[in-house]
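What follows is each chain in one-letter form.
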Amino acid sequence: MGQITSAIQLIPIEHYMILCLTLFSIGVMGVLFRRNAIVILMCIELMLNSVNLLLAAFSAYHADAGGQIFVFFIMVVAAAEVAVGLSILVMMKRNNNSVDINLLSRLKG
Amino acid sequence: MSLLFYILAALSVLTGLGVVLARNPINSVLSLIACFLTIAGHYVLLNAQFLAVVHVIVYTGAIMVLFLFVIMLMDMNRANEPHKKWTTKLAATLSGCLLLLVLLASTAKVMLGGPAPVLSPDMGLIKNLGMVLYRDYLYPFETSAILFLSAMVGAMVLGKHEPKKI
Chain A
1 MGQITSAIQL
11 IPIEHYMILC
21 LTLFSIGVMG
31 VLFRRNAIVI
41 LMCIELMLNS
51 VNLLLAAFSA
61 YHADAGGQIF
71 VFFIMVVAAA
81 EVAVGLSILV
91 MMKRNNNSVD
101 INLLSRLKG
Chain B
1001 MSLLFYILAA
1011 LSVLTGLGVV
1021 LARNPINSVL
1031 SLIACFLTIA
1041 GHYVLLNAQF
1051 LAVVHVIVYT
1061 GAIMVLFLFV
1071 IMLMDMNRAN
1081 EPHKKWTTKL
1091 AATLSGCLLL
1101 LVLLASTAKV
1111 MLGGPAPVLS
1121 PDMGLIKNLG
1131 MVLYRDYLYP
1141 FETSAILFLS
1151 AMVGAMVLGK
1161 HEPKKI
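Chain order of the listed sequences is A and B. Taking this note's numbering, I'd label the letters of the first sequence as residues 1 to 109. Taking this note's numbering, I'd label the letters of the second sequence as residues 1001 to 1166.
The shape of chain A in the complex, shown without the other chains:
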């Protein structure tokens, strides 16, 4: 365990930043790429998780536990968002029989 957890001393934080920015960009690309609303929600989860990983990395590199507490709060917000978002999707499926986001363009009014 000590050997594993001391491995980060060899990894510069830039690599963590590159990894997290890549994951975030993949999430943004997915939101633009897909039309299925459930996959779009999953891509939002991916973006939130890349931010979580970056917060945990900074917390470890500065030996400050505040970053990990922030990750907990982001998890809370993500769980609430998924609960409400999925029930909205179930309602949309029930009313329209589809989860295509193009159907939501009629919300423009």
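Rather than coming from a laboratory, the hints here were simulated on the basis of the structure. As the structure is a prediction and not an experimental result, all values here were calculated from the model. Not one of these hints is a red herring.
Think about it this way: if two alpha-carbon atoms lie no more than 20 Å apart in a straight line, the pair counts; the simulated DMTMM-like pairs of lysine to aspartate or glutamate are: (1) Lys-1109(B) x Glu-14(A); (2) Lys-1089(B) x Asp-100(A); (3) Lys-93(A) x Asp-1075(B); (4) Lys-1085(B) x Asp-100(A); (5) Lys-1160(B) x Glu-81(A); (6) Lys-1127(B) x Asp-64(A); (7) Lys-93(A) x Glu-81(A).
Following the hints, put chain B in place on chain A, whose structure we already have.
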């Protein structure tokens, strides 16, 4: 041992791409679960053991299973999802790559050999985190309870099936 980080990073990016590119929503969910497991591995590498456990339980155990349930209950696992035109897909890919370029360029100034990692093996343990959470972040903690309550009520109100009045 630092090779472990690069293997996990490559797996994270590959499974993240799998989420976007999979045709079937079920495959997207499974790729996202794999991605979350690799991120939990990153947490273990970062001395955040409790965070890794909570991440696996909350995300992989609760949120993704909820996604899977909704997809299966709503019978959306057919791969007949309408797809965007290829021009739109090309534009989405281009804008994603451009966003990555802009983000990397904007953080390039910061990347001047950041701080050396401080090795503190007991920082991510539950005792230490609990002290910080309940001492310094008590009010946000209580506020998140209100957020959860409102989200629960909202989900119930939205999910309730009301028969048509007229």
